[in-house]
Structures are given as C-alpha cells and as structure tokens.
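*Asks:* The chain contents come next:
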Amino acid sequence: HHRHHHHQSKLAMLGRTKKWLKMCENWSVYYPSEKLYRRVYKGLPLPVRGIVWSKILGTQKLVTDNPGVYEKMKMAGRQWCLDVRQIDLDVNRTFRNHIMFRRRYDVKQQALFNILVAYAMYNSDVGYCQGMSQIAALVLMFLNEEDAFWALASLINGSRYKMHGFFIPGFPKLLRYQDHYNLVLKKLMPKVKKHLDKHEMFPSLYTLKWLMQCFLDRIPFSLTLRFWDIFVLEGESVLIAMCIVVIKLHRSQIVKMNMDELMQFFNDDLCRSFAADDDVAVASLKNTIDDLRRLKLHLPPTTPESELLERP
Amino acid sequence: MSFQGPEEYDYLFKIVLIGDSGVGKSNLLSRFTRNEFNLESKSTIGVEFATRSIVVEGKKLKAQIWDTAGQERFRAITSAYYRGAVGAMLVYDIAKHATFENIDRWLKELRDHADDNIVVLLVGNKTDLRHLRAVMSEDAAEYADRNNLIFIETSALDSTNVEHAFQQCLNEVYKRVADRHFSNVNIGQTTALPTTNLQSTILEKKFCCNS
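So the sequences go chain by chain: A and B.
So that you can map any letter, position 236 of the first sequence is 236 in UniProt numbering, and since no number is skipped, the others follow by simple counting.
So that you can map any letter, position 119 of the second sequence is 119 in UniProt numbering, and since no number is skipped, the others follow by simple counting.
Please note that a few of the clues may not be correct.
Said to hold, decoys possible - The calculated lysine-lysine pairs, modelled on DSS-like cross-linking and capped at a C-alpha distance of 30 Å, are:
#1 A:LYS256 x B:LYS59
#2 A:LYS194 x A:LYS286
#3 B:LYS42 x A:LYS162
#4 A:LYS248 x B:LYS42
#5 A:LYS55 x A:LYS286
#6 A:LYS187 x A:LYS286
Calculated directly from the structure, the hints in this document are not laboratory data.
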C-alpha cells in the first residue's frame with residue numbers, strides 16, 4: 001500500500017513537472033497569469049524550481065545585458081574585496097548540513113565565495129553583510145554560478161524585492177519592517193503581542209532572520225522553499241504576512257511561554273517542529289496575504305529613496 | 001507550594017559575549033548553557049541569548065547570556081543590548097592575531113555603551129588549536145593586567161575552562177553586587193519577571209512567582 005502511494009505521488013510530481021515545463025516553453029503566455037500564480041502556491045516541483053525562479057527574477061536578461069560583468073567583478077573581488085575574511089568565515093558556516101556545501105573548499109563553496117566577493121564589488125553600498133551568504137547559497141542550490149550571481153542582484157536591487165535596504169549600514173529597511181510588523185501584530189493579535197511584550201520578546205529579538213534571510217534557518221527547510229517560491233513571485237509584500245502566519249499558527253503555544261522559552265522557540269524549535277504541515281501553512285499564508293492587502297497593511301509606508309541602490 | 005519552578009532565582013545577571021566574528025562566542029555560550037558544541041554552527045546575526053543558573057554562596061544566580069553578531073555593521077543593533085549588562089566576555093581567537101588586535105575597539109565599545117562597573121573578562125578561545133597559536137598567553141595576560149580585565153583561556157570545543165570562565169565572571173559580579181558597586185541598579189526589587197531592558201538587571205527575588 002505504501003509503495004503504491006509513493007508511486008502515485010511520484011506520478012503526480014512528474015505530471016506537475018510536465019505542466020511547468022510546458023509553461024516555461026510558452027513563458028510569455030503564462031506569465032503573468034492566474035494559472036501560474038495558483039501553481040506557484042502549490043509549490044514548484046524540484047526539477048523546475050531553478051528554471052522558474054530564474055525566469056521570474058529575470059536572470060537571463062541580466063546575463064545577456066551584462067556580458068563579462070560577472071567575471072570582471074569576480075576577479076576584482078578576489079583582489080580588492082575588503083570583506084574576503086568575513087565572507088570566507090561565513091561560507092564555512094553556510095548550509096554545512098546540505099550536501100552541496102558540506103565539504104570545505106569544494107566546488108559549491110568556491111562558487112558561493114566567488115558570488116559574494118563579486119557582489120561586494122558590484123554593489124559597494126552593501127558590500128558584504130552577514131545574512132547574504134545564506135541567500136546566495138539558496139539560489140546556488142538551483143542555479144549555476146553566474147545565474148546565481150544575477151539572481152542575487154535581482155533580489156537585492158530588483159524593484160519587487162528591494163533587499164538592498166536590509167543590508168546597508170544602519171539596516172533602515174529592517175527597522176522599518178520591524179516597526180510595521182509590530183503594528184500589524186497589535187492590530188491582528190493584540191493578546192499575543194501583549195504577552196510577547198510582557199516577556200520583553202520584542203520583534204528586534206526574533207524577526208531579524210525572518211526578514212533579512214526571508215526565513216532561512218528559522219522555519220523547516222521544506223516550508224522555506226515553499227515560501228521562497230511565493231516570495232520570488234510576489235516580492236516583499238508577502239514578508240509581513242509570513243511573519244504573522246508563523247505567530248498565528250503557534251499562538252496557543254506562544255502565550256504559555258516565558259522569555260527563555262520564547263527565545264528557544266524562535267531560534268531552535270520552530271525549524272524543527274513547525275505546528276502545521278507545509279500545505280496548511282501556505283494556505284494560511286495565502287489567506288493572510290489577502291487579508292493584509294484588503295486592510296492595506298501588507299507593506300510598510302513607501303520606501304525612502306535612501307534605501308535604494310543608486311547605480312549598480 | 002513548589003519552589004522548583006524554572007523562574008526561581010535570587011539574582012538575574014545579564015552577561016554579554018562580544019568579539020570579532022568567528023572567534024567562537026556562540027559555541028562558548030552553547031557549551032556553558034547546554035554543554036553542546038556545534039561544528040556546523042551558523043553565524044549569529046543580531047542578538048540571541050540563553051540562560052543558566054548556578055549557585056554562589058548559597059544564592060541562586062541566573063545568568064542571562066547575550067550572544068552578539070561579530071560583524072562590525074551589526075554593532076548599530078547590538079550595542080543597545082549592552083545596557084544593563086553586569087558582565088562582559090571579550091572573546092578573541094588565540095589562532096588569529098587580528099582578533100586580539102581588535103580587542104581595543106571592543107573594549108572601547110563597552111566603555112561607550114555599558115555600565116562603568118561592568119566586570120570584564122578577556123577570553124582567549126580555541127586553545128585546542130595549540131599548533132596554530134598566534135597570540136601568546138603572556139601578551140594577553142599583560143594586556144588584561146593593564147586594562148583591569150580578568151584573563152582566561154578556553155576551548156569551547158574540548159570544554160577546557162569554559163565552566164570556569166563563566167563561574168569566575170559570575171562570582172566577580174556577585175562580589176561587586178554584594179559590595180553595592182552597581183549603584184544605579186535596583187537591588188532588592190522583587191519582580192516576577194526577568195528583565196532585559198534594564199535599568200534593573202540585578203533583580204533580587206525572594207520567592208517564586210508560580211506558587
């Protein structure tokens with residue numbers, strides 16, 4: 001029976017992969033479309049995740065529009081990047097439990113190092129900031145080195161994601177998002193907020209990796225991938241919604257915890273035992289995104305110019 | 001009535017772990033609070049804390065230890081957490097001289113943001129890397145002497161001196177509290193909650209709240 005079930009889900013996966021490949025071949029017909037959006041929320045099949053992310057992030061266009069730029073940045077970075085030491089330290093601590101990054105100085109670790117030093121040259125306002133290695137490693141799991149570099153550039157500089165403000169000195173976007181999250185939490189779950197405040201578990205203590213790393217290392221990896229499918233499609237407007245979903249799905253536990261337990265919960269427990277399975281969490285995310293959009297709370301007030309990259 | 005609740009303690013002491021990225025702050029913390037060492041540990045971004053209680057002279061001291069990001073850019077966020085700290089562990093890597101050279105800047109960070117009477121330990125970590133040693137114990141000891149710091153070398157990996165380092169820090173804090181060195185914190189205040197945001201980190205608790 002179990003084998004039969006396994007066989008069936010494998011077939012379903014193959015079917016979905018085929019559908020996606022068909023959409024990728026006729027990308028301009030399907031993107032953007034209701035059907036594509038619906039299918040992204042169902043989760044991208046592993047074999048097409050890289051292709052689809054790359055298409056939405058506009059990686060190919062960036063590669064064609066900037067011939068030789070990556071190579072140049074990489075060479076410059078190896079010579080001049082002031083953050084090489086920090087980058088090397090962090091490559092050594094990024095996704096070491098993942099097969100691709102397990103071996104020190106192996107191919108993928110080298111690629112990760114290259115991307116980060118190159119990016120530090122490409123965008124000197126950001127340079128290298130801790131948190132970026134996790135994101136670069138994630139895209140490297142699905143894309144080749146040069147594509148991954150431009151995917152990172154798209155996430156940081158692209159108008160849909162604008163992660164630039166999360167990483168520049170002073171972290172203006174982080175502070176703005178934390179404030180906004182606090183306001184939304186107060187509106188939607190005042191009791192939970194009151195409990196968290198009482199135990200001095202303020203957003204600054206637990207939302208940093210949620211926002212700067214888009215939940216990498218803070219929720220189960222399978223759910224992180226599902227969230228990233230949606231984030232790549234929708235952009236920054238789903239970040240606050242996901243923060244709210246994590247709290248909403250655990251609120252009965254949260255209100256029973258003291259400060260120590262809360263810290264342990266946010267840092268360790270959540271990525272090991274999330275209260276809902278991935279489909280339930282994504283359904284909740286969909287509803288929350290809709291709710292917040294209706295209430296016009298999905299984004300903090302407009303991004304100040306100073307948080308954007310002036311010229312790459 | 002039970003006095004075994006996790007919230008029961010006589011004093012709550014806030015300790016901060018600071019120092020360059022990669023010197024082993026997070027592993028010192030996990031070694032002391034959970035007796036764990038993680039070779040695949042991730043970089044700390046922002047701040048995190050963990051707690052452990054120990055008994056000194058019959059008093060139960062709860063240490064709330066704050067671990068901070070080492071990358072310079074994060075000081076904008078982390079220095080706010082020095083407020084109310086009564087102890088600090090200034091950590092460097094004995095195998096990387098640059099991390100020792102930066103101790104001066106970390107010390108200045110503390111002087112700028114922390115209480116004047118804060119107990120400061122200079123901690124040379126990673127003594128298990130004997131063959132790679134780049135900072136001589138004598139040099140570090142002399143530096144500590146000059147700057148009025150307590151000096152100790154540790155290895156979070158093989159546990160050497162970790163327990164001792166934190167014990168020493170907490171003992172010294174306790175001594176200063178007993179001598180009323182921390183004039184600007186409310187000793188003797190009874191409160192049910194641990195506090196971080198502290199004009200009052202040293203909380204003396206008489207009995208348990210969940211009785």
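*Asks:* For each hint, tell me whether it holds in the structure or not.
*Replies:* Tested hints:
| no. | hint | result |
| --- | --- | --- |
| 1 | A:LYS256 x B:LYS59 | holds, 28 Å |
| 2 | A:LYS194 x A:LYS286 | holds, 26 Å |
| 3 | B:LYS42 x A:LYS162 | holds, 25 Å |
| 4 | A:LYS248 x B:LYS42 | holds, 27 Å |
| 5 | A:LYS55 x A:LYS286 | holds, 22 Å |
| 6 | A:LYS187 x A:LYS286 | holds, 19 Å |
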